[in-house]
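*Asks:* Given next are the chains, with one letter for each unit.
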Amino acid sequence: NAGVMQNPRHLVRRRGQEARLRCSPMKGHSHVYWYRQLPEEGLKFMVYLQKENIIDESGMPKERFSAEFPKEGPSILRIQQVVRGDSAAYFCASSPPTGGQETQYFGPGTRLLVL
Amino acid sequence: AQSVSQHNHHVILSEAASLELGCNYSYGGTVNLFWYVQYPGQHLQLLLKYFSGDPLVKGIKGFEAEFIKSKFSFNLRKPSVQWSDTAEYFCAVNPTGNMLTFGGGTRLMVKP
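Quick note, the sequences are listed as chains G and C, same order.
Note that the numbering used here has the first sequence beginning at -18, numbered continuously upward.
Note that the numbering used here has the second sequence beginning at 138, numbered continuously upward.
Don't read these hints as lab results, they were simulated from the structure.
Given the structure is predicted, the values throughout are model-derived calculations rather than measurements.
Straight-line alpha carbon distances no greater than 30 Å define the calculated BS3-like cross-link-like pairs of lysine-lysine that follow:
id	chain 1	residue 1	chain 2	residue 2
1	G	25	C	186
2	C	195	C	206
3	C	198	G	25
4	C	198	C	186
5	C	248	C	198
6	C	208	G	25
7	C	186	G	8
8	C	208	C	195
9	G	25	C	195
Quick list of the computed label-pair ranges, beta carbon to beta carbon:
id	chain 1	residue 1	chain 2	residue 2	range
10	G	-7	C	191	41 to 49 Å
11	G	34	C	249	44 to 52 Å
12	G	1	C	140	27 to 35 Å
13	G	65	C	191	42 to 50 Å
14	C	179	G	37	22 to 30 Å
15	C	207	G	21	30 to 38 Å
16	G	77	C	167	18 to 26 Å
17	C	167	G	7	24 to 32 Å
18	C	167	G	64	35 to 43 Å
19	G	-4	C	140	28 to 36 Å
Just so you know, even glycine gets a beta-carbon here, dropped at the ideal spot from N, CA and C.
All chains, please: the whole structure from these sequences, using the hints.
*Replies:* Put into structure tokens, the structure is as follows:
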């Protein structure tokens, strides 16, 4: 039973480029969460998605960041025109659709470095 | 907005010492509580969780945590640490069933 998969594990971008981070949830999980961990800080919630729906994006920066979880395929976190401050580890978590008390299981993360 | 505080940012212990990591949260309603561990170079793994019932929760690898509602605390404990427990530990709360709010983390180093 594969866990949460994220790719790439490491991503290097120059300022102004686009970064696409992918997350495949655990089998049977239909809820996906994205978190960002800045250096020397804890994880901060970004967005919560279900298939084809954004449920809560209260933690997403208003500009340049977007997320989707299509009916088929992985969830994508997209960062346009990256800046140095976007350098961080981005973690995806998934949970089953049990409603209410859900444990989130985390992927290995994507470490983004913006030069 | 809810917040989670972990008082110790860095802890250094010798093997066989006892461990207690503090976690306090600010939220007045019912919460779900979690401790996650991140070993060097690895992803977050769930250590233990509290949803309801017995406030003393036992997790993997000999860890336990006690939920004290009156103190808004969920401290993590282990009677005797090992070198392999060297990791970063995160407390998290989940009041709504959606997003997790994490504490800043505690880096534990266990000296052999």
